[in-house]
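Q: Chain by chain, the residues:
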Amino acid sequence: MIYLDNAGTTKISAKAKEAMMPFFDEIYGNASSLHMAGQIAKEHLESARTKIAKAINAEPSEVYFTSGGTESDNWAISTACKFGALKGKKHIVTSAIEHHAVLHVLDEMKKQGFKVTYLPVYENGIVRVEDVKKAITPETCLVTIMFANNEIGTIQPIEEIGKICAESGVIFHSDAVQAVGHVKVDVKTLKVNMLSMSGHKFHGPKGVGALYVKKGTPLFNFIHGGAQEQNRRAGTENLAGIVGMSVALEEAVEEIESTSKKLTELRDLLLTELSKIEHSKINGDKVKRLPNNFNMCFEGIEGESLLLLLSDAGVCASSGSACTSGSLDPSHVLLALGLPHEVAHGSLRLTLSRYTTKEEILTTIKEVKRVVELLRKMSPVWDSLQKGGKHVI
Amino acid sequence: MLYSEKVMDHFRNPRNVGEIADADGVGEVGNAKCGDIMRMYIKVDKKTMVITDAKFMTFGCGSAIATSSIATEMIINKPISEALQLSNKAVVEALDGLPAHKVHCSVLAEEAVKAAVKDFYDKNGISYNEECLKSGECPCVH
Numbered sequence: 000m001i002y003l004d005n006a007g008t009t010k011i012s013a014k015a016k017e018a019m020m021p022f023f024d025e026i027y028g029n030a031s032s033l034h035m036a037g038q039i040a041k042e043h044l045e046s047a048r049t050k051i052a053k054a055i056n057a058e059p060s061e062v063y064f065t066s067g068g069t070e071s072d073n074w075a076i077s078t079a080c081k082f083g084a085l086k087g088k089k090h091i092v093t094s095a096i097e098h099h100a101v102l103h104v105l106d107e108m109k110k111q112g113f114k115v116t117y118l119p120v121y122e123n124g125i126v127r128v129e130d131v132k133k134a135i136t137p138e139t140c141l142v143t144i145m146f147a148n149n150e151i152g153t154i155q156p157i158e159e160i161g162k163i164c165a166e167s168g169v170i171f172h173s174d175a176v177q178a179v180g181h182v183k184v185d186v187k188t189l190k191v192n193m194l195s196m197s198g199h200k201f202h203g204p205k206g207v208g209a210l211y212v213k214k215g216t217p218l219f220n221f222i223h224g225g226a227q228e229q230n231r232r233a234g235t236e237n238l239a240g241i242v243g244m245s246v247a248l249e250e251a252v253e254e255i256e257s258t259s260k261k262l263t264e265l266r267d268l269l270l271t272e273l274s275k276i277e278h279s280k281i282n283g284d285k286v287k288r289l290p291n292n293f294n295m296c297f298e299g300i301e302g303e304s305l306l307l308l309l310s311d312a313g314v315c316a317s318s319g320s321a322c323t324s325g326s327l328d329p330s331h332v333l334l335a336l337g338l339p340h341e342v343a344h345g346s347l348r349l350t351l352s353r354y355t356t357k358e359e360i361l362t363t364i365k366e367v368k369r370v371v372e373l374l375r376k377m378s379p380v381w382d383s384l385q386k387g388g389k390h391v392i
Numbered sequence: 000m001l002y003s004e005k006v007m008d009h010f011r012n013p014r015n016v017g018e019i020a021d022a023d024g025v026g027e028v029g030n031a032k033c034g035d036i037m038r039m040y041i042k043v044d045k046k047t048m049v050i051t052d053a054k055f056m057t058f059g060c061g062s063a064i065a066t067s068s069i070a071t072e073m074i075i076n077k078p079i080s081e082a083l084q085l086s087n088k089a090v091v092e093a094l095d096g097l098p099a100h101k102v103h104c105s106v107l108a109e110e111a112v113k114a115a116v117k118d119f120y121d122k123n124g125i126s127y128n129e130e131c132l133k134s135g136e137c138p139c140v141h
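Top line first, the protein sequences correspond to chains A and B.
Going by numbering that gives the first Met the number 0, the first residue of the first sequence is number 0, and it counts up by one from there.
Going by numbering that gives the first Met the number 0, the first residue of the second sequence is number 0, and it counts up by one from there.
Hints are computed from structural coordinates only; laboratory data are not their basis.
Treat the numbers as computed from the prediction; the structure is a model and nothing was measured.
Hints are not guaranteed to be accurate.
Using 27 Å as the maximum straight-line C-alpha spacing, the simulated DSSO-like pairs for lysine-lysine come out as follows [stated by the list, open to error]:
no.: 1; chain 1: A; residue 1: Lys285; chain 2: A; residue 2: Lys260
no.: 2; chain 1: A; residue 1: Lys386; chain 2: B; residue 2: Lys117
no.: 3; chain 1: A; residue 1: Lys132; chain 2: A; residue 2: Lys89
no.: 4; chain 1: A; residue 1: Lys162; chain 2: A; residue 2: Lys88
no.: 5; chain 1: A; residue 1: Lys376; chain 2: B; residue 2: Lys32
no.: 6; chain 1: A; residue 1: Lys368; chain 2: B; residue 2: Lys32
no.: 7; chain 1: B; residue 1: Lys117; chain 2: B; residue 2: Lys45
no.: 8; chain 1: A; residue 1: Lys376; chain 2: B; residue 2: Lys113
no.: 9; chain 1: B; residue 1: Lys5; chain 2: A; residue 2: Lys376
no.: 10; chain 1: A; residue 1: Lys386; chain 2: B; residue 2: Lys122
no.: 11; chain 1: A; residue 1: Lys389; chain 2: B; residue 2: Lys32
no.: 12; chain 1: B; residue 1: Lys32; chain 2: A; residue 2: Lys386
no.: 13; chain 1: B; residue 1: Lys32; chain 2: A; residue 2: Lys280
no.: 14; chain 1: A; residue 1: Lys132; chain 2: A; residue 2: Lys190
no.: 15; chain 1: A; residue 1: Lys89; chain 2: A; residue 2: Lys213
no.: 16; chain 1: B; residue 1: Lys117; chain 2: A; residue 2: Lys376
no.: 17; chain 1: A; residue 1: Lys386; chain 2: B; residue 2: Lys113
no.: 18; chain 1: B; residue 1: Lys42; chain 2: A; residue 2: Lys376
no.: 19; chain 1: A; residue 1: Lys275; chain 2: B; residue 2: Lys32
no.: 20; chain 1: B; residue 1: Lys42; chain 2: A; residue 2: Lys386
Derived DEER-like restraints, expressed as beta-carbon distance ranges [unchecked claim]:
no.: 21; chain 1: B; residue 1: Pro98; chain 2: A; residue 2: Asp311; range: 16 to 22 Å
no.: 22; chain 1: B; residue 1: Gln84; chain 2: A; residue 2: Asn123; range: 48 to 54 Å
no.: 23; chain 1: B; residue 1: Met0; chain 2: A; residue 2: Arg369; range: 21 to 27 Å
no.: 24; chain 1: A; residue 1: His390; chain 2: B; residue 2: Lys5; range: 32 to 38 Å
Which chain B residues stay away from chain A? Per the calculated CB distances, all over 10 Å, these [stated by the list, open to error]:
no.: 25; residue: Lys5
no.: 26; residue: Asp21
no.: 27; residue: Asp44
Quick reminder that beta carbons are idealized off the backbone N, C-alpha and C, glycines included.
Next comes chain A alone, as it looks inside the complex (with noise of 0.2 Å):
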């Protein structure tokens, strides 16, 4: 199997993995308790803590741990918006391309009375500083815009947004669920008030994540019971799970340039080889974006044959075609960019890991050449186009 879909998640890595095993019956205290085992656990908890702190330059009683990205955007946008009402500030500004953790969440809060301003991203996938400044109004209590794309791998601007939110005294948040670990993230520099992180997209177990918090942004809780994370944030930790995630991401960032090198190369090389392709188009600005992102719609050909004459082929890959985003439309994100329906249709992402080979990407590339001709022999649309209809792409 050859496994591309590495935006959607990643296999656990081997030293991840061996780090939890104690903490199913060895080291299984409630960190909360006073007695020994819970003394010990709590100590491995603060280890994680500081371990994950080091990772993206914040202190350790900035870092909350949570059950994953999802839960660490609700809980960042619930708690700024919490703020803001209270202040009679009710104003969002967010990007067209937010994943739906941040987007469902801002529906719920437009329920509430908020109002919600969408920044366009432009044909490269990229939100424009200039248009945030314009955005932010008297009225507005939160600033939230990814790190970089699901689905593109684009990388937004993000410290100069972080400026602009400073200066104008907003409170910024990045759902950096798919940066962190795979390029630098230096909170410091970054200026974020919060930014959201999930164990499983960088080698590490499912179901954990965390969310920095910057000392001094207020902290609503989102979740309700016991003492635990400086009382912000209830339910016995998940410990196994954070050690998982602190040594996996650790791991990730001792090697992140020569993991970055190393992606970027077998990147551009499927970029190269499948723009071959005729009538193909590379989705999202081709520098900007992370190093193990790739993203081309195909015209003429539909997404979800396209994902499963591949998987018959031994390749795990996505897709953000209707079908397989279970609903009507195509993806918001290839929407954004400005792709037609018919086009968004046909794309296919294929999202590398660290333990991506050559030789597999080399089969890729001829696997997804074989299976675009294929559905291009049988399609209508494509039928059409050769003979005298006109591309889009």
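Chain A is already provided as a structure; the job is to place chain B on it using the hints.
A: Showing chain B alone in chain A's frame:
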């Protein structure tokens, strides 16, 4: 698995793919915007009014390709009158079921057959009851 083995078989090994250059009727239904287009070609024996051959071309997901494939099998060597009875339900049953959000693909297959027959009737000046050839609208609205 998302799909039954039957669906996967018709998707992986579609029957009667391609075009019929001298087709007696061609019908195209669906909308690329929605992600599905089916084009159906039929050859008809004008004496017996039996469909002697059918081929298809489809742009769409796995179930769109599978429903087109099985629909051609279900109308070849059948009199037109019988082909017009082909319902989307029969297509779904023949494929051992489709996921709920994919049932519209079977509707498209039924519509494609009817559109091809309509084209044949029109080309040959054969009168027909509009009701029998009625095809619904694409279920997605843009």
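Q: Going back to the hint list, which numbers does this structure go against?
A: none
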